[in-house]
Structures are given as structure tokens and as C-alpha cells.
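Taking the hints into account, I'd like the entire structure generated from these sequences.
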Amino acid sequence: ALRGEIPPPAGFPNTFQFWGVYLAVPGLGQNTTCLEPGADCDAAAARVWEEMRRLMPSVAGIAWTRLERDGAAVFPCRHEGDAGEPVVFTERFPTADGRARFVPADIVPPDEQPDAQYPLVLITGRQLEHWHTGSMTRRAAMLDAIEPDPVAWLHPLELDAAGAAPGGVVTLASRRGRVSLYARADAGMPRGAVFVAFCWAEAAINELTNPALDPVGKIPELKYCAVHLSAGGTPPLRPAAAAA
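In terms of the numbering used here, the sequence shown opens at residue 1051 and continues consecutively.
For lysine to any residue, the following SDA-like pairs were computed, each having C-alpha atoms within a straight-line distance of at most 25 Å: (1) K1273 / E1162; (2) K1273 / D1199; (3) K1268 / R1151; (4) K1273 / P1159; (5) K1273 / R1225; (6) K1273 / E1252.
Simulated restraints on C-beta separations: (7) G1131 / P1198: 49 to 55 Å; (8) A1237 / E1257: 25 to 31 Å; (9) P1285 / R1176: 19 to 25 Å.
Please keep in mind that the hints were generated in silico from the structure rather than gathered at the bench.
Glycine included, each C-beta is placed from N, C-alpha and C at the ideal position.
Shown next as C-alpha cells:
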């Protein structure tokens, strides 16, 4: 991240210039002269790295000259001259007595349970071919050719129960919204569950998910909510940006 592999297109800022503009926002900017437009990128990288060393004990021992000489370094490396720790905690943990702290956790029931109206559990996540929102992977011809359309993975018996067929359009609905996408039969899916990746703009599955927060971590419960499956619906329309 500190040394660029290729220059940016003409008219676009490099990483340091971009952050220089961002940090110039009132209340954020200080000591950003190395990030001004026209600043030498190598010098800027060195200054940024030195600041990181001051703020991050885990890389404090890695000098910029070492990175330039060796090309890489193993961290944690807390003092100059240390080789670094390829495997951490082999002897002790960073606690007063060197012992790890294990805290038992209680299993808390989901905020929303399936019922007669919404009998299936929706699970969301990534899929192999597309990363997050698909803003990059859906523009990769090979990946897009493998998985071009939004699909819902379901056990074949769940499709049968809904009167739906593999490859056909189905609609998933929750108490918060609905999306239509294509059905995919997968015998490896558990009964009572449906999986959809969240990379599809034309079938934005997080419109269905539950925003309820975990009481401790305050993390939204996006991986578990109750939904209803029905056969049919409007075929999802591929956005122009993904098709480009």
C-alpha cells in the first residue's frame, strides 16, 4: 500500500494526494504537507510510514530503509534489529502473567425467528466469484461469465414446496422488503434456510435483513432473519454499471 505498482490514470490523484485532499477538511488536517499535490510519492510514503511507526508498536522496529532494502518485513517487530515474529504467542500472551484470557460466551437467540408467515431463515454472505458489492468482480469477464445473475441457494425440497423450479424466478420477502432473483437447487443447503450473496445490486438482499443490534457489540443482525419464498416475480434487471 505504501509503494505504487502502476501510476494512476491521467488526471487522477495518487493515494497520497487523495488523502491530502481528504485530510484538508476542517478539523481533520494536520501535518499534511507531504500529501499536497505534486509532493514526491516516495518521500510522502516514508513520512507516512514513520508516523505509523510512532503510533503502532507492532511495526515500530521496521525502519523505512529496511523496507527499501529488503522489500518486506515480518511483524510484530517492536525494536530495530529484531527479525520479527512470524508466529505470535508461542511463549506468552501480552498480559501481565503471559497467560491468555478466555471468556465464555452465551448463545443469544436471534432477534427474529421463523414463523408461519415467514418460515425460512435467510443467510447472507459472499460467494466465490464476487467480492462484496461486486463493483470490481462483476466487471471481470471471466468471473461474470461464471456467475452473471443473482441466485438464491435452496434445498431442492424447499423449491418443491414453493412450487418453484431451479433456474426460475422466485421472490423472497421479509417484514422489511422483497427481492426477486433466480432459484438454485443445492442439496447441501439445510432445510428451512436460503442463502443469497449481497453482491447483487439488482437483488439487494440487505433490503430484507434485520437491522436489530447485538446488545453488546452493537453489530446489526444481517446474517439471520425470517423470510417467505414464493415462485415467480419480476426477473432482476442487470444494472448498466455491472454490464459495462
